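Asks: Sequence:
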Amino acid sequence: MPKDERGSMYDALLALESGLKGDIKKLTDHRPEYRLRMGDWRALFEIEGDEIVVYRIRHRREAYR
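For what it's worth, the numbering used here labels the leading residue of the sequence shown as 89, then goes sequentially.
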């Protein structure tokens, strides 16, 4: 991930602490259950109790493989 986009993704992930805000979609038939979209990048995560677990951050071409 380019350095100039890392900060934006980090800020978007921190914003998840105050609720699922942003370009978030619940995925069907896929693990992890949620994705956060930031430009061409996807963060795939799940909610486990009161924690958000980020499994991977990948470019959109590679995110769902």
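Take the hints with a grain of salt, since some may be wrong.
Said to hold, decoys possible - Derived BS3-like pairs (lysine-lysine); straight-line CA-CA distance at most 30 Å:
id, residue 1, residue 2
1, Lys109, Lys91
2, Lys91, Lys113
3, Lys114, Lys91
In short, the hints are calculated from the structure, not lab data.
Since the model is a prediction, treat every value here as computed from it, not as a measurement.
Asks: Between lysine 114 and lysine 91, is the straight-line Cα distance small enough, at 30 Å or below?
Replies: holds, 27 Å
Asks: Is it true that the CA of lysine 109 sits at most 30 Å from the CA of lysine 91?
Replies: Given that 30 Å is the threshold and the Cα spacing comes to 23 Å, the pair holds.
Asks: Has the given pair, lysine 91 with lysine 113, been kept, meaning a C-alpha gap of at most 30 Å?
Replies: With Cα atoms ~25 Å apart, lysine 91 and lysine 113 stay inside 30 Å; holds.
Hint compliance for this structure: no hint is broken.
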